Amino acid sequence: MRDYDAIVIGGGHAGIEASLALAREGFDTVLITQSLDAIGRLSCNPSIGGLAKGNLVREIDALGGEMGHLADSTMVQMRMLNRRRGPAVQAPRAQADKFSYSRLAKETLERERHLSLFMDTVVDLIVEDGSVAGVVTERGWRISSKVVVLTTGTFMDGRIFIGEYDAPCGRLSEKAAIGLGDSLRRLGFNTGRMKTGTPARVRRSSLDLDEMEVQDGDDPMLPFSFETDRIERPSLPCYVTYTNDRTHEIIRSNISRSPLYGGKIVGRGPRYCPSIEDKVVRFPDRERHQIFVEPEGVGTEEMYLNGLSSSLPEEVQHDFIHSIPGLRHAEIMRPAYAVEYDYLDPLDLYPSLESKILSNLFIAGQTNGTSGYEEAAAQGLIAGINAAERLKGEKPFILSRTEAYIGVLIDDLVTKGTKEPYRMFTSRAEYRLSLRHGTADQRLTPKGYAVGLAGRERMERLEAKSARIRSAKDILKRTRIGEKSAYDALKEPERDILSLDVPELSGYPVSILSEVELDIRYSGYIERQDRELEKARKAENMEIPADFDYDSVDGISSESKEKFKAVRPLSIGQAGRISGVRVSDVAVLAVAVRSSRRG
Amino acid sequence: MAKYATGEPIYALATPFSPSALCVIRASGDGVLAIFQPHFTGDLLEARSGMAVHGFITGTDGCRIDEAMVIRYSKGHGYTSEEAFEIMAHGSLPVIRAISSLLEELGMREAEKGEFTYRAFMHGRMDLTEAEAVEEIVKARTVRGSSEALGRLTGSIRSEAEEAKDAILDILASLEVQLDYGEDEIPEEWTFPSERVEAIRRRLLSIAGTFRSSRLFSEGAIVVIAGRTNAGKSSLYNALLKEERSIVSSVEGTTRDYIEAEAQIAGIPVRLFDTAGLRETGESVEAEGIRRTEGLMKRADLIIYVLDPSSDDEPPEDPRVLPVWSRLDTAGRHDGISFSSVTGEGLEAVLDAAAGKLTRDLEALEDVPRIDSERQRRKLIEAADALSDAEKSMEFGSDVTAMYLQSALSSLGELTGEITGEDVLERLFSSFCLGK
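One line per chain: the protein sequences are A and B, in this order.
Last residue of the first sequence? That's 599 in the numbering used here, and every number before it is there in order.
Last residue of the second sequence? That's 1035 in the numbering used here, and every number before it is there in order.
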């Protein structure tokens, strides 16, 4: 008899989704965290969503995850990004109230009947016959379970750096999880070091707001969740300011005091989200860098300096922050710092996020080398669903690259691995025209429902929405605009559905009409993409047997053979995406797999 | 259709089955050296890989078949990367037959079409474009044809495609940066680099345009001699056949509608058709004959149109037509190209003009690598089309523009065989006739 069906280690964005998915599917689950007060923290920027990330949030929601609800209930500003650049690359981003977000996350977990919360630090895994069977905690508890989901974020052997100062922390003044990394290495896990950073927080009343540009959000605020109808809450502005020569000069003359440049930090940081010292060093010709000053919430004076992440000593931070208009008198409440932590090589995972090294162990979130709340939550959800599928004895739940950003995210991780903290980008998705954020429910809710996570009500909402979309299209098809139908007229770029003025559509909400408009406008392009997608699906459907003997095919180069053996791709499609594998090797593999199947 | 496997001993005649100085027969598969050694007086088993060994081949009855050189290839070397050997014997038909039946008796099977290439591919000896080029070399009929096919082996098409891909990738990357970071972070608007894209597009189209000229070299040009009755077509045909020494064979058309011969003009393999005798037969046959001649002229790469200077005949308006005037000896010189089948005067000029017309497209394209298959041509056109669609889509949304640029990239990727799209695999399976 096991203590629980499932143990989830960690209470961050991955842990929240994983534990809720398991508990909501009826499995007795315990979430073990080092601090019950830190559940669902927005450790870095106070915002949810953004380009590609906003799509992830909506997909999480469509499957029955929680992130969309949490964001909708706590947002203090929302903007639709890339409005001018085409709907496929548009995405919502919200500023959230950090404290409400975290508190609501904890309350949501507490409301769950099958979910227990326990504060302790996991230091080791219990292993029986090559499978994980439970965990050992710092205070000596041995807790058994059938499956374990590991979501340790930046805490595993975490160490923070501020100039010459460093300390074993996962976040500033929050102690790192020491011991688990060593235990995992002992069990044969491949670990590496990664680095990320966060900027200083300054006091709002000390800022010269009139020296900065005001950036207001959209009105009304649009929700992430397909279950939220509207959000009525006052919106808070953000502010924009810029660095200057003086700022850059201060940074340059102190660069040797940065632990990044001094060699103390070995872990790799993200190229797309560089610290200010990185930007100054790497782009010496740039006269200025943009800084967004964002509120951390309603009930706090703390403001987040987006674009100024740094690991320079605190007095240097003071100097360069004070050189920036609007921030000349800023009171620094928390310093910027860098954090270096252990991650586990995601190549050791199956697309279900189950470990290849230890069965029944699922791993999600920043531990897998990603960055971002949304990426973490998406993995947490998929790991939770798959842990539940395992408990039910069902086949793994895997989303393909053709149907979801989540599919792209996980396939990239387990097929290509990552050398820097992985962030979602729209350009990583080859079929992004079909992955608009507004269609996440149509793409994924039926799957979430089938697996038992998305509820009946969610499904009914989707059915109602789909029916309205269909009927609006029918109306457009039979309405004439001059020579052609209104439906065809919408394919012209200069038309839009509201200006067509179709009386029969007056009762339809704008959200439905804009989905209809995009469907119609993009239909030709999407059909074109679908043809390419069909090709990809075929390669995806050419399954490689789990026990396929790569050594028996002598035509595959030894380098590719090693890579195939390391990744153990499930399909020819996946095999073709492994980095550095020769195409002809994939072709040979395809032929060999075909003939082995034929007998 | 046979299902390919590797390892099973196979053999094939690598040179044409026709009398010539030398013939090459190759064999490949597990243990082929040991199987063959008892019937060869040279010591193959001791020879180094890639070494030619001299000796006599003897049949199963102990009689000598021929004196030959045999090259040994150990496993891991040679064309297929399997254990293999190549026999170079005298190219007489009885010798070829005798060696073939010896190998059959020794338990080897004659290779299916493309089977050697398939094995080479399966053993990682070549990638898809290379495999394709080898097929072309086998098919190529002249020196220039095969040197072009060889050019592809070293990857001239690939490097062109890589260059174009690089340029498109640059453009796409500059757009993607804008799509991946919001207007907040990168406020500048992206503008379509029309000139750069147009340059790439033109280059792709000009490579695609070489398909016809490539085909001329590998499949041969169709040259038709046409003209009115008694204009002197047959005389020209016969005179040309006498003039040109490289004629391979002369076959009478089974329908007697036309006579066909294989020849070479300026190194281009030519199928020369004489439509003579057409209107000299009965009327019902004539109608059918005219239909066939018209069909032939439609397919022709060059029409040598013979005119009698004394007639009022005019050459047809068609860029493929080369008008020539007969009876130079009796009717005198005309303004155009004149010849006499009787004296042979002017025949050289007819050949030169024909060669000039056949190669005119080719010379303009000297610096452009040639492609050899319809698939390659299609991929180039697809990529070029996607580029022009990309520009047109700008008013729609840059996400669509990015899709078109992406699509141009993937067409070029499929060209070089870099993308394991199912269509490439399908093509692979079909051209190697794998079992379903």
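Treat the hints as calculated values from the structure; they're not laboratory data.
The structure presented is a predicted model; accordingly, all values stated were derived computationally and were not measured.
It cannot be assumed that every hint is accurate.
As a list, the in silico DSS-like pairs of lysine-lysine whose alpha-carbon atoms are at most 27 angstroms apart [what the hints assert, rightly or not]: (1) A:K175 x A:K419; (2) A:K419 x A:K395; (3) A:K491 x B:K991; (4) A:K561 x B:K991; (5) A:K484 x B:K674; (6) A:K279 x A:K264; (7) B:K991 x A:K477; (8) A:K565 x B:K991.
Next pair to validate is K279 (chain A) with K264 (chain A); report whether the Cα-Cα distance is within 27 angstroms. The hint holds at about 19 angstroms.
Taking 27 angstroms as the top limit, are the C-alpha atoms of K491 (chain A) and K991 (chain B) close enough? Cα-Cα ~14 angstroms, so holds.
What's the verdict on K565 (chain A) and K991 (chain B), does the C-alpha distance respect the 27 angstroms limit or exceed it? The hint is violated at about 45 angstroms.
Assess, step by step, whether the Cα of K419 (chain A) is no farther than 27 angstroms from the Cα of K395 (chain A), and give holds or violated. At roughly 30 angstroms apart (the allowed maximum being 27 angstroms), K395 (chain A) and K419 (chain A) break the hint.
Would the hint linking K561 (chain A) and K991 (chain B) be met if the CA-CA limit is 27 angstroms? At roughly 44 angstroms apart (the allowed maximum being 27 angstroms), K991 (chain B) and K561 (chain A) break the hint.
Agreement of K175 (chain A) and K419 (chain A) with the hint, judged by alpha carbon distance not exceeding 27 angstroms: Holds: K175 (chain A) and K419 (chain A) sit about 26 angstroms apart, inside 27 angstroms.
Is the Cα-Cα distance between K991 (chain B) and K477 (chain A) 27 angstroms or less? Distance ~26 angstroms between K991 (chain B) and K477 (chain A) Cα, so the pair holds.
Check the hint pairing K484 (chain A) with K674 (chain B) against an upper bound of 27 angstroms on the C-alpha distance. violated (69 angstroms)
Comparing the model with each numbered hint stated earlier shows that hints 2, 4, 5, 8 do not hold.
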